[in-house]
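Asks: The sequence shown begins at 1 in my numbering and counts up by one.
By construction, these hints were calculated from the structure, which means they are not laboratory data.
Even glycine gets a Cβ: it sits at the ideal position worked out from N, Cα and C.
Keep in mind that a hint or two might mislead.
To be verified - What follows is a set of in silico ranges between Cβ atoms, one per label pair, in the way DEER data are often shown:
#1 26 <-> 85: 16 to 24 Å
#2 2 <-> 149: 35 to 43 Å
#3 17 <-> 139: 22 to 30 Å
#4 2 <-> 26: 25 to 33 Å
#5 120 <-> 31: 18 to 26 Å
#6 133 <-> 68: 16 to 24 Å
#7 69 <-> 153: 45 to 53 Å
#8 69 <-> 46: 22 to 30 Å
#9 60 <-> 133: 36 to 44 Å
To be verified - List time: in silico DSBU-like cross-link candidates among lysine-lysine, alpha-carbon distance up to 30 Å:
#10 185 <-> 53
#11 179 <-> 152
#12 157 <-> 142
#13 152 <-> 93
#14 106 <-> 93
#15 4 <-> 32
#16 106 <-> 152
#17 179 <-> 157
#18 109 <-> 72
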Amino acid sequence: MDKKRCEWVTSEQVYIDYHDLEWGRPVHEDQKLFEMLSLEGAQAGLSWITILKRREHYGRAFDGFDPAIVSKYDDDKIGELLQNEGIIRNKLKVRSVVTNAQAFLKIQKEFGSFDAYIWEFVGGAPFLNDWQIHDEVPASTKESEEMSKDLKRRGFKFVGPTICYAFMQATGMVNDHVKDCFLHKGK
1 MDKKRCEWVT SEQVYIDYHD LEWGRPVHED QKLFEMLSLE GAQAGLSWIT ILKRREHYGR
61 AFDGFDPAIV SKYDDDKIGE LLQNEGIIRN KLKVRSVVTN AQAFLKIQKE FGSFDAYIWE
121 FVGGAPFLND WQIHDEVPAS TKESEEMSKD LKRRGFKFVG PTICYAFMQA TGMVNDHVKD
181 CFLHKGK
């Protein structure tokens, strides 16, 4: 018998694996948090599957999402990235990853880690939501609005409240698996 999953999951294996193995699971590694924030920003205006299918390309293109390396990208490197057919070649989105890497490093210095900073928006522990159906899941919340406002204040780009909420879902800061999903509340 097939497992019941959240309705946004298609029959594509990349989506099933992402849902089953990553989405909604708490992430505390800084480099992984930077990756997810970067990918969520790249997704703005597009479907998540579009980014998910290019994820490997993004990892190679952006040096494994190492913020110390990405923060030093110059115009030549950005030009090279804008020629890379494996990623979304939007100049603002590509530049935002570099800008965000620089701001990310400042937060690490100030807070000791990005993890220590970002998880404070949920009080250090995941919110376990209890949605019946996918349509109940909000696009943003008070917490994602606060996160967005603070990240923007610190110089981040492509971090609106909806992107921040998707980031929170992706990194397990909130668990939005619906009630009939086999992963609801860690079943």
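Asks: So, for every hint listed, does it hold in this structure?
Replies: Hints versus structure:
For residue 26 and residue 85, the hinted distance range of 16 to 24 Å is not satisfied, since their beta carbons lie about 34 Å from each other. Separated by about 41 Å at the C-beta atoms, residue 2 and residue 149 satisfy the suggested range of 35 to 43 Å. Between residue 17 and residue 139 the CB atoms are about 24 Å apart, so this pair conforms to the stated range of 22 to 30 Å. In this structure, residue 2 and residue 26 meet the distance hint of 25 to 33 Å, their C-beta atoms being roughly 26 Å apart.
For the pair residue 120 and residue 31, the supplied restraint of 18 to 26 Å holds, since their beta-carbon distance comes to about 19 Å. In this structure the supplied range 16 to 24 Å is violated for residue 133 paired with residue 68, their Cβ-Cβ distance being about 42 Å. For residue 69 and residue 153, the hinted distance range of 45 to 53 Å is not satisfied, since their beta carbons lie about 25 Å from each other. In this structure the supplied range 22 to 30 Å holds for residue 69 paired with residue 46, their Cβ-Cβ distance being about 25 Å.
Separation of residue 60 from residue 133 is about 38 Å and conforms to the stated range, judged on CB atoms against 36 to 44 Å. For the hint pairing residue 185 with residue 53, the CA-to-CA distance comes to about 27 Å; that is within 30 Å, so the pair holds. Straight-line distance between C-alpha atoms of residue 179 and residue 152 comes to about 34 Å, which puts the hinted pair past the 30 Å bound. Of the supplied pair hints, the one linking residue 157 and residue 142 holds, its CA atoms being roughly 19 Å apart against a limit of 30 Å.
As the CA atoms of residue 152 and residue 93 are separated by approximately 15 Å, the hinted pair is consistent with the 30 Å bound. For the proposed pair residue 106 and residue 93, the alpha carbon gap of about 20 Å is at most 30 Å, so the pair holds. Straight-line distance between C-alpha atoms of residue 4 and residue 32 comes to about 27 Å, which keeps the hinted pair within the 30 Å bound. Our distance criterion of 30 Å between C-alpha atoms is met by residue 106 and residue 152, whose separation comes to about 13 Å.
Between residue 179 and residue 157, the direct Cα distance comes to roughly 34 Å. Violation of the 30 Å bound is thereby established for this hinted pair. Distance check on the hinted pair: residue 109 and residue 72 sit about 16 Å apart at the alpha-carbon level, within 30 Å; holds.
Going through the hint list in order, the structure does not satisfy hints 1, 6, 7, 11 and 17.
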